[in-house]
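Residues per chain, in single letters:
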Amino acid sequence: MESVGSKVPVRLQAGSSLRTLSTSRDPREIAKSLSTLTRLLENAEFTRLHYTHALQVLVSARTCQWFSSSSDDDEVRRLWQEFVFTGPPDQTLLVLLDTISSTEECAGLDRCVSVLEKFLSVGRLEALLWSRCVVGGACSDSSQLTETVIGHLAALPSITSNRLHTKTPDAFLPQQYYPLLATNILCTLEKTCQALRGGQDCSLGFVAQVLGKVCIQGYSSFIYEALVPRLSSLTHTDPLWQRVMQKLLEKIPERCMESVITGLILNLRGAAVVSRLMGNLVVTNKKAQFVLTHKLVLQQYQHPTQVLKSLLGYLALNAERRPLLKQVLRSACQVWCNSSAIKHTCVEQQLYISKALMLCVALLNHSEIEELREEMLQCMLGGVQCRLDSNIERIRRMGMVVGECLSQRLDVPGSQLKFKYEPDEEIKELKSLMESLSTKDSEEFEPEHQSDESRRLQPEFETSLTQSVTSQSGTDSDSELDSDDDLTPYDMSADQEKKKSAPPRYVRDCLEALISSNDAERVELSLHAAESLLRKNGKATQEVSVQFSKVLLHLDDRYNTEDFQVLRQNAMVALTVTDTKLVVEYLTTEFYSLNYSLRQRLDILEVLALSAQELSEPITNKHTGAQPIAAVAARDQTDDITHWRQIVEKRIQSKTRRITKGATQMVKAVPNRYAPVAGSFIFPLLRNYDRSQVTFDLLGTDHLVLGRLLHTLGLLMHLAINAPVASQMGRALLDFVWSVRFHTDQMVRRGVMFAVCAVFLSMPSDTLLTDLGDDLMETRNWLADVAENDCDTDCRSLAVQGLILLDKNLKTQLQLPDVES
Amino acid sequence: MARPPPNPLYILRGSGDVVNTLHFCCDGQGPSLLYSGSGKGAIHVWNLTTRRPECVLESHSGNSVIWLQALKESSTLISQGRDMRMCVWDLSEGRGALTDSLLTGSVGFCQCSLLETRPGSTLLAHPTEHMEEVSVVEMKSWTQVCTLKPDLKVGMLMCMKMWQAQSGPVLCAGYEDGSVILWDVSHRRPFSCLKAHTEPVMCLDVDVCRQKGVSGSSDNILHSWTIDDQRNLQMHSSVQLTNPGVSSARVRTDGKILATAGWDNNIRVFGWKKLKPLAVLQHHTDMVNTVAFSDHQDPPQRLLAAGSKDQRITVWSIYSES
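Sequences listed follow chains W and Y, in order.
Just so we're aligned, residue 11 is where the first sequence starts under the working numbering, counting upward by one.
Just so we're aligned, residue 7 is where the second sequence starts under the working numbering, counting upward by one.
So here's chain Y without its partners, still in its complex pose:
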């Protein structure tokens, strides 16, 4: 008899609305923090030691916050909202000041992707008013580096992830018709394209060390694919889910497990190597919108957080012993 699935370590209540996005910040300086973005524009900064919000930022004029990320140096937070704006927040020394913002023009749900190439130089990929287009900008000056627009008809841009490869920045993007395209950002051309799903790609994540990625869609299949030396995307393995719909997928930084947020209120955990189903975490009473793994240096403290439409954030400790 397999052991029963664990209960959440603790539950963070009080976000006041749907939780859309979560981001951990456990850099070792100061307490571990978890940022959450709600459906009403509130950004909560949760202290994971006290399990209370440190502060709440009212942002995006009450519009839904769909993406959050903290920069590594300087306590700067970037948020993306449904008001077509990106906001940059300065959180140092308890401040919560909006320092900068950018009008992207995107009305969709596609989340941005941030790449810190070297200290002081940060690239941001964001969707634009053209539905299928990605724009990459330099953060400091908001100068546009390039725009990436597929030649093929692949529909709306759904999700993306950018990282630094030897040849330069690379961006992986999922589209409405189920294809995943790997872009060479410096040369503004696609490396390869993979038709991974029949339904729109809802989320993707890439494990940069292992050159391997995963994509979820609104159907009930989760695919993982690899990037070979010629930068071709190749299907690796897939797993069938009991209920369709994946809204978020994250690979833990140690490359052992993968967590997905399901439309069926469940969080699923898979082995990252072969997508072996490992656990189904049931707690939420509504759709789970997002999952995030903490980036804590100490592996046992690497937690899993999930935010749901039922306004709660659950924090789990799973497969963190070894």
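Chain W on its own, in the form it takes in the complex:
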């Protein structure tokens, strides 16, 4: 045969064998042809030109038939497997995948799938990858073929599951396939290292392209989860591995660079390992630089802080990369102090940038900070100012913390910023970023060292702790005989500071004390007593309600009374509830009048909202109990009414025949005190909003009040649900809201959304739709736009809420006629 093989052209030999295979049913003939083909595998021409065709024939449907008939023949099976699994793996893969995707569902397909499974499990992927790494090996293939192979390698799960649907074997699922691919890549790299040690050249281009392709398809997490732990330990011990990795990353195609690097950074822990794997890639590769220094820091914000830490730490680790750190700081500074960015980016992103800024500052050393001093100072001043202007507390607090830390780092003697705020988790995290890094030299920032250090610190800390404990217990034991523990104390809660004066007993006394007293104690007692006095003495309160409101509205916390704001507010609410009409009229007029501070205007809004809330509670005996005389008077009437109603009910009961006796518990409508007066709360507040005054510019700089006003109006609207006046109120409120819906301030937009939702919720749906009329579509579009594009999370969710409510209204309105018809 050998002699025949050398004489007869390969093409003819292959052709005849394949013919035999596709036609013959004789096992001996088949075995013979197969062995011919297997032998031909050693021939380069055959493997290059004819292997694919041969394989296609072998896996095609017809041969499969024969295969199943002669499946008991071990010799045939062995030869077949040898032919498939020792041939060029790239062609095998292509043929198998093509066959799978083009074959209809049949036994041949199953056969192919199992062959492919076998192909993966016997490590042919590694052979494939390695064949492309060897310089001068199979890489002489056309670039088109290479491209196809890469595509098939990277998309194997998609290709197979497109055909097999739910019958896809587990091995082809991304969760299993990509980790397998990752281990194969690792093995290939391992081989590469060995080859390099042996002095042989290797090319990593193919592996890099495969990696890039997989990452760009979005499977980077599967790959890296398998790759990263091994890589980080290998590169830790072996510098050759570092070089191989860095080369590999350099070879990644430009367009895949972003996804590869992002995936890598997200899966790596610690700056040192990033540095080992990436080397100076960020300096040499423009795309990588852009991704690392711009995109990950300034444009994305969903990554955990750890990513920022390792990224910026990586930049700081090497002198060549440090200029980039400075560059990042510069751009972060620019973004941080940009007032428009504060308005138009969401809080989460601002937090992310703040973190990046803090980390950068913490990583820079003194000389670098001196160099960047101007920029940082500018950033600090501008950014802090913008943030303190913000209506959102989280942003304000962020500004304070970052300002404090920056000024501390800038170390301007005598002019360090210091703010007062309640530290929460977020603030603590931000601050810790500054501390954790600034305490140790950033040049030696390495996780191993860090853990060492912390381990060393731990016992010291513990010993000091135990010392302090023992010293304490020492003094304790000294005085153990000397303790008073054998005597149990009595209840001493009655031991309170003695007041010099007694609380006022009459409304007028209380008022007088608040107006004229210079005695701190008297004022405090009056404030404490005010609410209950006002609520108990309805008549007396009504005589002085407006005057009392005026006094309370102008009352200053001169004596630093505890809970001053709460007491004052409660008293004002009590006034409003007791004498609603006059006090509300007074408060709503004062809201727009001259010479009030923002605080006072906000107080007015709060009082109105709280009073409305209290008034809107259903009238029960609990409330009338506060006014015994009125209650007695009212009871006569109610007695009458219940009597009358009972009689009617009884008559109805006796005259109706009930077929089923289900639990028909109706929700009983109960009147509340708010509905009749709701109009007087809302309409005066809507009256003067666009009349700008010297001291109060609602539509301009005082957007804080505008935001609160909208919230309050929304609340007042919502409380008026079911009231007859609700539709007019809703109409007026919508008109008002319409003019401020595109306000730049987030708080105001939130208020707008809240008010709109309240209107949709409270207004009867028929009037709502007739009122909206032509604006309906525009409103919908606007809400949809906000729901999609607003930078504030609350605005977005409220807008969605609004849309849902609107649609619900629409639906009930449109369905009603259907039901009737």
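Hint data in this document are derived by calculation from the structure and do not stem from the laboratory.
Virtual Cβ for every residue (Gly too), placed ideally from N, Cα, C.
It is possible that some hints are incorrect.
No more than 30 Å apart at the CA atoms, straight line, and that leaves these computed lysine-lysine pairs for DSSO-like [to be verified]:
# : chain 1 : residue 1 : chain 2 : residue 2
1 : W       : K508      : Y       : K282
2 : Y       : K262      : W       : K510
3 : W       : K508      : Y       : K159
4 : W       : K508      : Y       : K46
5 : Y       : K155      : W       : K509
6 : Y       : K280      : W       : K508
7 : W       : K508      : Y       : K201
8 : Y       : K315      : W       : K509
Partner residues aside, some chain Y positions facing chain W, computed with beta carbon under 10 Å [as the list claims (entries may be wrong)]:
#  : residue
9  : A8
10 : R9
11 : P11
12 : G45
13 : K46
14 : A48
15 : P125
16 : L188
17 : D190
18 : S244
19 : L247
20 : N249
21 : I263
22 : R274
23 : L284
24 : I324
Take the given structure of chain W and dock chain Y to it, following the hints.
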């Protein structure tokens, strides 16, 4: 939940004026007695069994009585009044006779201190017309033993207590600037001085067995201090009061608790060892002027009495079970 504070065991009404000072006499012979001195010069002798006054002594020509003490042997009572006099009363067999008196010349509020060194020989320390000076006299003959005058400028003498130590009589005195000075009476020199308060020392008491004392002032801190072997005063512990002003402080003879009379109408009880607050007894409607513990031999019957500006005397039984 801690148990509620107790109510007074009983209340003695009818003193007719502000109660300034109280003194128990429960020596076992005859009924237990409580002496009280009022703002109008009346000294009431209360029988604690009947809870009625046995007799009322009109004294000090209507001036306020600020201090009372009974001598152990012979039913003799000594009183100090705002008329600058000390009076000695013989109360034996129902008598109420003024037997002797001494013009001290003191116009202040400082109370005297009595020390019975041995039967028949009694020392009395009293303030004099010089505001910062203490004079110690022998009771029988009114012969002056010594006068103690501080070299430092410490202001007026406010309160004092004298007791017998091994080396001789010792006197502890509180002054207007808040210092407490420990005097060696026999050598007429101070042992040591402690600046305990920033405000005047209003009252002090010394637990002789434990060499430990307490001082109250017009501020809201109560200090306790110890006397070491070198007779130095050392700060021990202190406790913050809710309201300022302590007019009287007494340590019970068993050394377990301390009671104070507060300007805020409350009587406070503390553990004596560490000044742990134990109870706030509320009953009086005006400033409490004085507290006193009875010296009854039977511990459960050791009562606490308090006299107040609201003219009432309350008697309490507290921590007397064990």
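Structure-based check of all given hints:
1. With a CA separation close to 21 Å, the supplied pair K508 of chain W and K282 of chain Y stays within the 30 Å bound.
2. Taking the CA atoms of K262 of chain Y and K510 of chain W, the gap is near 34 Å; set against the 30 Å cutoff, the hint is violated.
3. Taken as a hint, the K508 of chain W and K159 of chain Y pair is broken in the structure, with Cα atoms around 34 Å apart against an allowance of 30 Å.
4. Our distance criterion of 30 Å between C-alpha atoms is met by K508 of chain W and K46 of chain Y, whose separation comes to about 28 Å.
5. Of the supplied pair hints, the one linking K155 of chain Y and K509 of chain W is violated, its CA atoms being roughly 40 Å apart against a limit of 30 Å.
6. Straight-line distance between C-alpha atoms of K280 of chain Y and K508 of chain W comes to about 25 Å, which keeps the hinted pair within the 30 Å bound.
7. About 28 Å separates the Cα atoms of K508 of chain W and K201 of chain Y, which keeps this hinted pair within 30 Å; it holds.
8. Of the pairs offered as hints, the one joining K315 of chain Y and K509 of chain W holds, with about 18 Å between alpha carbons and a cut-off of 30 Å not exceeded.
9. Among the interface hints, the one on A8 of chain Y holds; its C-beta lies about 4 Å from the nearest C-beta in chain W, closer than the 10 Å criterion.
10. The interface hint given for R9 of chain Y is met, as the beta carbon of that residue sits about 6 Å from the closest beta carbon of chain W, less than 10 Å.
11. This hint holds: P11 of chain Y has a C-beta 4 Å from the nearest C-beta of chain W, less than the 10 Å allowed.
12. For G45 of chain Y, the shortest C-beta to C-beta distance to chain W is roughly 22 Å, which exceeds 10 Å, and the interface hint is violated.
13. Because the closest C-beta pair between K46 of chain Y and chain W is about 27 Å apart, greater than 10 Å, the hint is violated.
14. Violation of the interface hint for A48 of chain Y is found here, the shortest Cβ-Cβ separation to chain W being roughly 29 Å, above the 10 Å cut-off.
15. A hinted interface residue such as P125 of chain Y counts as satisfied when its beta carbon comes closer than 10 Å to some beta carbon of chain W; here the least separation is about 35 Å, so the hint is violated.
16. Interface hint status for L188 of chain Y: violated, as the beta-carbon distance to the closest one in chain W is roughly 22 Å, over 10 Å.
17. With its C-beta approaching chain W no nearer than about 27 Å, D190 of chain Y sits outside the 10 Å limit, and its interface hint is violated.
18. The interface hint given for S244 of chain Y is broken, as the beta carbon of that residue sits about 14 Å from the closest beta carbon of chain W, more than 10 Å.
19. Taking 10 Å as the C-beta cut-off, the interface hint given for L247 of chain Y holds, the closest approach to chain W being about 9 Å.
20. For N249 of chain Y, the shortest C-beta to C-beta distance to chain W is roughly 5 Å, which falls under 10 Å, so the interface hint holds.
21. Proximity of I263 of chain Y to chain W holds as hinted, the smallest CB-CB distance being about 7 Å (cut-off 10 Å).
22. Against a cut-off of 10 Å between C-beta atoms, the interface hint on R274 of chain Y holds, since the closest Cβ of chain W lies about 8 Å away.
23. At about 5 Å, the closest approach between the beta carbon of L284 of chain Y and any beta carbon in chain W falls short of 10 Å, and the interface hint on this residue holds.
24. Taking 10 Å as the C-beta contact cut-off toward chain W, the hint placing I324 of chain Y at the interface holds, the least distance being around 8 Å.
Against the hints set out earlier in the document, violations occur for numbers 2, 3, 5, 12, 13, 14, 15, 16, 17 and 18.
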